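Student: One letter stands for each residue in the lines below.
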Amino acid sequence: MNFSKEVFPMNRPNNRPFNKKMQEKLVVLFLLVLLAFVGLSIKLISITRDNGERYKKQVLSQQQYESTIIPYKRGDILDSKGNKLATSEKVYNLIIDSKLMLRKEESLDATMSALSSCFPGFPESEIRSYVNNNPASQYYVALKQLTYDDIAGFIDLQNDTANNPDIAGVWFEEEYKRVYPNNTLACDVIGFTGKDNVGSYGLEQFYNDTLNGTNGREYGYLSEGETLERTVVSPVDGYNIVTTIDGNIQQIIEKYLYEFNEQYKNGARPGGNGANNVGCIIMDVNSGEILGMGSYPNYNLNDPRNTDALIGSRYVNDKGLIEYEANCITEENKAELLTDDAVTYQQLNYLWKNFCITNTYEPGSVAKPFTVAAGLESGKMSGNEYYTCNGQLHVADHDIKCHNYKIGGDGTLSVQEAIEQSCNVALMLMGRQIGKTTFLEYQEKFNFGYKTNIDLSGESRTATLVFNSNNMGETELATSTFGQGYNVTMIQMITAFSSLVNGGYYYEPHVVKRITAADGSTVRNISPRVLKQTVSAATSAKIIQYCNGVVVNGTGKTARPAGYAIGGKTGTAETVPRDKKNYVVSFMGYAPADNPQIAIYVVVDRPNVVFQDDAKYATRIVRSILTEVLPYLNIYMTEELSDKEREELDNLDITIKSSNMSEEEEEGEGEETENGEDGEVINANGGDITSSTAPTAEEMQSDDVLTAPLTGTLLNTETGAPLVEDTDNGPE
Amino acid sequence: MVRNRFEKTKGYVDYTLVFIILLLLGFGLIMVYSTSSYSASMSSTLHNNPAFYLNKQAFATVFGLGAMAVVALFPYHFWRRFAGAGYVVSVVLILLVLTPLGYEANGARRWLNLGISVQPAEIAKLAMILFLANLVCQLGNKIRTRNGFLLVLLSPAPICLMVWGITQNLSSAIIIFMIGYIMLFVASPEYRRFILITVAAIALAALVVVIIVHLADSGTLGYRGQRIRTWIDPEADATGKGFQTLQALYAIGSGGVFGKGIGQSTQKLGFLPEAQNDMIFSIICEELGLFGGICIIILFLLMLWRLMIIANNAPDEFGGLLVVGVMGHIAVQVILNVAVVTNVIPNTGISLPFISYGGSSVMFLLIEMGLVFSVARSITFTED
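Taken in sequence, the protein lines are chains P and L.
So the first sequence is residues 1 to 732, counted in my numbering.
So the second sequence is residues 1 to 384, counted in my numbering.
Isolated chain L, as found in the complex:
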């Protein structure tokens, strides 16, 4: 991938990316309706309205597209002055969850009621991208030093620990950390350190798993230990902890190559918990088969490819790193989500970008895309 050399033009719009985003959003709405209409129509608290989730998601999507357009029209440098402030705001918002402004849903206290309901973790992801892009730019060549490296590596850590500790949201904490790690990887010319860290992390994880497997008494394991046991052998506890994972696997397996047809899932009829949310990918596989599932993966791949092109052509380092952050965010979530539903990693709640139900998530993702478009608009082309 080399920088294109075209005549200088400003106001570049990446229509391929626009198209992919709209395609994913539209497809997401269809799938949200497909997966949620049955359970929504069964719930009298939702007034038995089958389109309840669809309506909420459509509203968030339209709102998010508006926000994306606004952000895209702003020069992205405007936001740079808020990089530090964003970090602080993230911390404050996470702490606010502990106040009466925070509220609990689905058994976890991780939402804020600020007129509209917001997950501080979603804001923290965006803030972290902005903060790290700015930090790396400020560090300049110092990033090659060990201290510079560690500074970038560890600066997301306080936020991650808070997200994990306060909102009990390990998956978001991991995502935030991974975003930082990916941005550092791109920003740093190193390879050796990354390989070492990655290998060490994998070895540590393997060790933990081995210990847990060999612990005889499952009673002492606690919540996460149980999840790891379930991950290794979901059928051992098919009606309990392994239920959701197994049902997701059943859904994928029963779809076959071309699926049962859109709307024809049986697993969504009350068997698969969170069908419209974290587990939506398994329903996609059930209804549209391997073909549909892999098409979605390819769409995400195309999106990441467009993001890479934009980053590589970014007019400056800050813009490029912003796009890398967004790219990392999307890549990490897609990989982890698909890995969870296929039981490659232990079950943890991660939504599929643009497709899963969740207003906060789709809005902040679209704002991030707005930043990407803003960067793209500033690309200068030189004639070949």
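Next comes chain P alone, as it looks inside the complex:
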């Protein structure tokens, strides 16, 4: 022991050794530490021995091995050019975990203030009281369907743990939301999808299973070693469907349907739309592909339950039929009329239906080419016949009048002239030539009474709405020749008409041409399908010739777009009851005239005007639509343009109004004969439409005579609505 006394050794090394006593105490210290270590080891062992099993279970029980669903993405609906008509976007639900949020005292306030600052309109007091009242809750949906941009701010705050250490108990659950980028565009064709990925109406319903995928799952399970294994089964996204709908054509169609509505709304029926319904289909005649299909009124697919879309519609009763006694739905009476959900849904269900495939109506004179085709194809007619019309024809016990009854009839007409002038008498005479059996045989060939099986949900079944050999008498045959007495859907008509003008090939109409997987690979191509040959090429050529005449010489002049030659047939059908006030006017045509590529069919169901029986309500829409669609389809002009037409075309893009005005001018020049066009058939008073005087005795008489046979079993006599029967809403 060398205890040198160095009290101030700052600059000199202290050489005093680490003495024995210190060594001894150090050993004691080491032993004490050893003792502590042994004690702690015993504690460790005892924890494992005494509580090991319990803790093991506890650890396992706090793991989330209940499986979590990873949602799939429902497939997109694309137009033929690949534009998205419907898509699914990832959205986030804000979930509150009260238990986590209350773990630290500061968390509740910190989290609430962060949430309030990041989400405008966050119901802070409500959530705060929920958290306090349900401290054990771990799943409460506070906000729904937020976009990533909405939540990005909060996620940044949450991740910035240095500055916001107390944010806790909030997480985001992913799901997909159906989004329709074009809102109302092609609403009837597309249909809509709720949160549960169940499609309603249109493609969304028909292709529901194709569009849907399979949910993925993340789940945990205990392996043999009682360790938790996690497995993720990835979701399988749904298939995309590529439609034949061309977004541009669809837009053109809807633009002019809307324009029509703007022009005629609030007319004879105060507050009402331009027509009960106005629909348009454009079809590729050589494939059955639907290029565009639309109707007005429409609705916003992103907000289908918004009752504002009902404004202007007519009130629909609990049978799903229009209540003709009731007023139109307006801004003012909306609250009053829509008394409860059931009533509201009556209206909405009617609105959501696709007019072009669901509503049925009597076609009127657009049926005349079919009658002629039946006669020519069956050999009952040669095409060289001449018919004499002196204003009416006595059938069975009735006198059925032609539209120009007043001026003494059309005189002697060739087959072509009969079509051009839409002469009912000539057609009835043809009907006699053809005979009931052959006529019905051809009705069936043209698929009237059968579904077209278009790939859209909601096509009506019309089997009971057409005549058969049991209920077709002489009168029914006569009226059927010009399209009254039986019911059709628009899609039936245009599909059959396409076969008349394409050489006789009846294509199954379709809207989807390709199904692709999420990675873009093609799953299935849907190619055009010829179902049958309705007429021969020769008959087809004759029908084209006659229908071209309609536009050149006859009732369809106003349907012709400037610079083009087209063919077609007008229709002005009376509705039930035969009150001579309500009409369905239409034009069914094709272009170009010499080699039809597309067919177009516009139906205006009871235009909102005093005198509805004028096919120009439809032909003008056709003209406007074709004026834009034909150049878009690269179909070249073949006809010379007059100066006026050139000017019109130049002005087309400037304002819609000016183009309307010029159209009116042209009409002024047009023939008067167009005005009472097409015979509304039956009922006698052809040509009387403009007269507002009291009905003459003659008229009264003919009314008596004629209403009866037509209202037989086929039409809804209560309302006279275009019948909607047996609508098959299920996807096929």
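No lab work stands behind these hints: they were computed from the structure.
All of these numbers come straight from a predicted model, not from anything done at the bench.
Watch out, some of these pointers could steer you wrong.
To be verified - The list that follows gives simulated cross-link-like pairs (lysine-lysine, DSS-like), each with its CA atoms no further than 25 Å apart:
hint	chain 1	residue 1	chain 2	residue 2
1	P	LYS56	P	LYS99
2	P	LYS99	P	LYS43
3	L	LYS142	P	LYS21
4	P	LYS20	L	LYS56
5	P	LYS644	P	LYS84
6	P	LYS90	P	LYS177
To be verified - Chain L residues, not near chain P, derived (Cβ > 10 Å throughout):
hint	residue
7	LEU22
8	LEU54
9	VAL186
10	ARG192
11	ILE202
12	ILE212
13	CYS285
14	TRP305
15	ASN312
16	VAL344
Think of the CB as a built atom: it goes at the ideal place given N, C-alpha and C, for glycine as much as any other residue.
Starting from the known structure of chain P, fit chain L onto it as the hints suggest.
Tutor: Only chain L this time, still in chain P's reference frame:
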């Protein structure tokens, strides 16, 4: 343990200690990665980089090893002249925490931003070892006197109170005080006083606990009182204050004898707060079982044994006391850390030396080891 008598040789390197240090550091890095990779990959502020904590820790470790080598090459007497200055610097650095240089993290203001982030408490531990070693040497035999004894016993107190009061870091304050107490224990030939002090301290602590347990209204207890209640019955407040302690116990208990395997912990997946830090020992037990946990304890024991050998062979009292200080530091932290995770003492934040995540901690520990190697290098061997 007696002094070895070998031929005089200088430049002794204790390879056993080197090996233990490297083993602990390497194992620590593995465990830091194992415990932190999940939470780091979940955090977008860390760019979802699972190796974020590992990278930082590896950098600090390499830097610390460099510092250790440099310090080891310096004769340890060089540092003796800074003993007083170190004390003052500690005080100044702790006060600097109150200035804008200090910054807050994880809810406590105990860091300094001096280019790199430093915890003054870590510096204070090193400074206290140096200061007390020097003080004891200066006192010489006066340490046997009551005044000498009290001087050594209480000289760490101002620093401890500042660490506790200013940086709200009770655990570091306790560690610093315990380092001093252990150095005094070794330096003083006494036993009686130590037994008395220890018994008195335990009795006082027991009294406090009894009072807290019998206080009916837990609202008046405050923060530390709550912790003591939680310590006695962690399951009473399993989702609140007792959460971390319970989760640590669950981790240890669920590991069994040989554990779930490295990387297989489920508790680190967001259940156990501070898994890579103060609670890393419980994850070691979960993944490697009792076996792994006790192996780590044995490694620390081996390290302390080597430190004891070096201290006992130190060429002079100053060197020996430096090593005793380092030994005390490591022993106290290991014991308290393991005691916390096993709920032997109330929960307080103490990291496991060389293994827990924390750059300051590992760097200063390695500097302390550098001092130890420096002392070891000066050992003179005499032939048997």
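Student: Indicate, hint by hint, whether the structure satisfies it.
Tutor: How the hints compare with the structure:
Between LYS56/P and LYS99/P the alpha-carbon distance is near 22 Å, which keeps this suggested pair within the 25 Å criterion. For the hint pairing LYS99/P with LYS43/P, the CA-to-CA distance comes to about 31 Å; that exceeds 25 Å, so the pair is violated. Of the supplied pair hints, the one linking LYS142/L and LYS21/P holds, its CA atoms being roughly 15 Å apart against a limit of 25 Å. A hinted pair counts as satisfied when its Cα atoms are at most 25 Å apart, and LYS20/P with LYS56/L does not qualify at roughly 44 Å.
Simply put, LYS644/P and LYS84/P have alpha-carbon atoms about 39 Å apart, too far for the 25 Å limit, and the pair is violated. Taken as a hint, the LYS90/P and LYS177/P pair is honoured in the structure, with Cα atoms around 6 Å apart against an allowance of 25 Å. The beta carbon of LEU22/L is kept farther than 10 Å from every beta carbon of chain P, the shortest such distance being approximately 21 Å. Non-interface status of LEU54/L relative to chain P is upheld: no Cβ of that chain comes within 10 Å, the nearest being about 18 Å off.
The beta carbon of VAL186/L is not kept farther than 10 Å from every beta carbon of chain P, the shortest such distance being approximately 5 Å. Its beta-carbon lying about 13 Å from the closest one in chain P, ARG192/L satisfies the requirement of being farther than 10 Å from that chain. The claim that ILE202/L is not at the interface with chain P holds, since no C-beta of that chain comes within 10 Å of its own (minimum 14 Å). The claim that ILE212/L is not at the interface with chain P holds, since no C-beta of that chain comes within 10 Å of its own (minimum 19 Å).
Distance to chain P contradicts CYS285/L as a non-interface residue, since its nearest Cβ pair spans about 7 Å, not more than 10 Å. With a closest Cβ-Cβ approach of about 7 Å to chain P, TRP305/L is found to fall inside the 10 Å limit, against its non-interface label. Once the 10 Å rule is applied to beta carbons, ASN312/L is inconsistent with being away from chain P; the minimum gap is 5 Å. Against chain P, the non-interface label of VAL344/L is violated: not every CB pair exceeds 10 Å, the least being about 6 Å.
Hint check: violations occur at hints 2, 4, 5, 9, 13, 14, 15, 16; the rest are consistent with the structure.
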